[in-house]
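Colleague: Now for the letters of each chain:
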Amino acid sequence: MSQTTPVTVDLSQAPATVVEALRRIRTVENHGCTFLDNANKPTFFSHAALYRAAEVRAQALLGLGLTRGDRVAMVLSQPQDFVITFLGALLAGVVPVPMFPPLSFGKLDAYAESAVSILEVAGARIIVTDKALSSVLWQVVPKVSTLKDLVVVESLDAGKKATGELPEITAADLAFLQFTSGSTSAPKGVMVTHKSLVANCWAIATEGMGLEVGSDVAISWLPLYHDMGLIGFVITPLMKGVDVVFIPTLSFVKRPSIWLQTLHDFKGTVTFGPNFAFALATKRASEKDLATWDLSSVRIIGSGAEPINANVMFEFVERFAQCGLKPGVPMPAYGMAEATLAMSFAAVGEDLPVLLLDAETFRREGRVVTPDDDALSLAFVSCGKPFSKHGICVIDAEGNVLGEDREGELVFSGPSLTDGYWKNPEATAEVFRTIVGGGDTIWLRTGDLGFVHDGNVFITGRSKDLIILNGRNHHPQTIEWSVAEIDGVRKGNVVAFSRPGKESEELVVVAETRADPPADLKETIIAAVADRLSLKVTDVVLLGAGQLPKTSSGKLQRRKTREQYLAGELGGEGVRTLGATGEKLTVARHLARSLLGRATHAASKVFNRPS
Amino acid sequence: MEAMELIKAAITAVDTSKASKLAGLKPETEIRDLGLDSVATMEMVGYLEEKLDVQFSDEVMVRINTFGDLVSLIEKNRA
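Read top to bottom, the protein sequences are chains A and B.
Note that this note's numbering has the first sequence beginning at 1, numbered continuously upward.
Note that this note's numbering has the second sequence beginning at 1, numbered continuously upward.
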């Protein structure tokens with residue numbers, strides 16, 4: 001029997017742990033992971049080879065003196081290093097703490113500071129990094145009390161190895177800590193157990209994407225230190241033994257066309273990206289790319305981790321239609337680290353579901369009603385339905401459950417719930433809790449505002465950021481979106497919030513400006529917000545590029561911006577923004593027409609369409 | 001092409017709106033002051049790598065702050 005003879009493995013049932021998922025495909029030689037390096041050179045590891053490499057890495061980690069349950073920080077920018085080390089840690093029962101590498105020019109001090117705080121909270125004993133990054137990481141080692149050593153991945157397997165049996169891993173065991181790039185300053189590590197991982201990954205692989213070994217090829221450039229890349233593309237494909245091709249994140253950022261080029265090269269069927277990546281891919285594809293690429297194999301391009309802009313999805317589909325891209329491939333999804341990864345998925349291959357609703361009723365009463373032709377309307381993209389055995393509902397401020405078509409905070413429950421935050425029972429108790437009339441069931445308070453329509457989940461904003469002016473609720477995105485369109489303002493770099501005024505809350509806008517902004521920019525902003533949204537801006541603060549506080553993944557930190565504003569200390573370190581989106585106010589019939597105009601090329605399902 | 005000219009071409013390729021600022025670029029100008037977002041900044045690096053047929057390592061990149069630093073890096077990689 002030759003080595004490449006396919007081995008038939010029964011993967012019809014969910015495994016108990018990720019370790020079991022890996023073990024049951026450890027004889028498979030004809031499917032596995034392909035890792036592209038920085039020069040785009042592929043290295044293939046069959047699942048059998050991947051298992052062997054992970055086993056060696058497991059013994060090497062134990063050989064460093066790590067024992068079961070110890071935390072090992074991983075700062076690895078090459079997917080091959082990351083995946084093998086991560087799986088090795090799982091086999092060893094050591095708890096990986098994936099961390100983001102320094103990715104851009106300068107800002108080393110800010111990087112070191114946030115790395116130190118994650119390492120401290122995690123109580124990491126060892127950092128595994130690569131040669132190139134080690135000189136940067138060495139400077140944080142003396143600042144973290146629990147750290148014993150820094151190890152370079154290139155020399156790990158050649159070092160001392162443990163020789164004993166690898167431990168038995170059970171479903172209740174902690175698999176890894178996922179640090180969230182939340183908007184507060186103290187990092188929180190989500191405790192992801194094997195049980196929640198398998199529950200979520202199995203649901204994604206089966207109900208969510210219908211993955212099939214042999215016919216499916218998953219492609220990902222997503223950072224592996226974030227849940228969407230790690231859980232979605234490292235662990236989920238293992239459930240069904242599906243092939244994956246990993247592109248280094250930096251390769252995508254440097255040359256965005258590599259994403260679709262790889263889909264073409266490997267006949268990819270499944271991939272994911274945040275909203276901004278769709279926009280970037282659309283913008284950067286050359287005529288030559290369009291003439292060469294065959295994207296007809298693609299079934300799913302999931303969109304998550306960022307508010308979804310329907311127009312960006314439509315432009316993407318239109319642009320690549322000539323490459324054979326099917327119109328139904330963009331697939332909205334909703335998730336968060338506290339729920340392991342995914343909470344809801346739109347149906348595969350379905351037209352992009354857009355809901356139009358009456359802006360005034362929604363703002364005033366938080367109710368979803370069909371807009372009249374001439375009414376101001378809002379458009380939201382559906383994020384689909386929760387998986388079976390899971391539930392999403394909407395609650396009001398007192399924790400009472402609201403029915404369909406009512407806006408409130410989204411709460412989530414089911415076997416994908418994680419165990420809460422590492423060594424932070426207060427934060428855990430605040431977010432994982434019971435709801436009124438819900439018995440003992442624990443629900444995750446997402447902090448997201450939204451509603452359910454026809455069983456579909458729609459996200460409308462973050463409840464913590466809600467701006468209440470004169471008794472009416474306003475999502476900061478609406479205001480930020482309007483300001484971002486003004487000449488001289490850096491798109492996606494605007495924060496709106498309220499401050500306590502004499503009688504009521506007052507609106508403040510903080511915006512980064514382009515070089516040499518117009519002298520009357522403040523006045524223009526005030527006039528534009530008054531004109532478009534009928535809101536009064538009481539104060540405008542203009543900042544230079546990169547001065548708004550952002551998370552490591554580039555999300556605007558509204559609360560931090562507000563805190564800094566109130567403390568009179570705006571400015572300082574900033575990272576990139578992934579591009580903001582939000583609601584755009586348009587008269588219903590115009591909005592419906594523009595969406596349906598798109599729909600002639602890129603099919604879309606517009607609910608509640610006015611005649 | 002001179003290193004600074006190459007950088008200007010790279011910036012223009014990723015963000016045409018920066019054209020008016022290019023004349024004023026000095027070696028001591030901090031790259032982030034140009035106001036490119038970080039994806040555009042990395043795209044600019046990608047353009048330079050392609051033109052020079054090199055790969056800048058992650059470790060080298062994080063130590064670069066000004067256009068002068070970037071010019072030295074380009075010249076070093078050409079040598």
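Careful: at least some of the hints might be erroneous.
Said to hold, decoys possible - Within a straight-line C-alpha distance of at most 30 Å, the following computed BS3-like cross-link-like pairs (lysine-lysine) qualify: (1) A:K491 - B:K76; (2) A:K131 - B:K51; (3) A:K423 - A:K143.
Everything labelled a hint here was simulated from the structure, so no lab data went into it.
Colleague: Each hint needs a verdict: does it hold in this structure or not?
Modeller: A quick look at each hint next to the structure:
1. Only pairs whose Cα atoms come within 30 Å are accepted, and A:K491 paired with B:K76 is rejected, the gap being roughly 35 Å.
2. For the proposed pair A:K131 and B:K51, the alpha carbon gap of about 26 Å is at most 30 Å, so the pair holds.
3. Only pairs whose Cα atoms come within 30 Å are accepted, and A:K423 paired with A:K143 is accepted, the gap being roughly 20 Å.
Hint compliance for this structure: hint 1 alone is broken.
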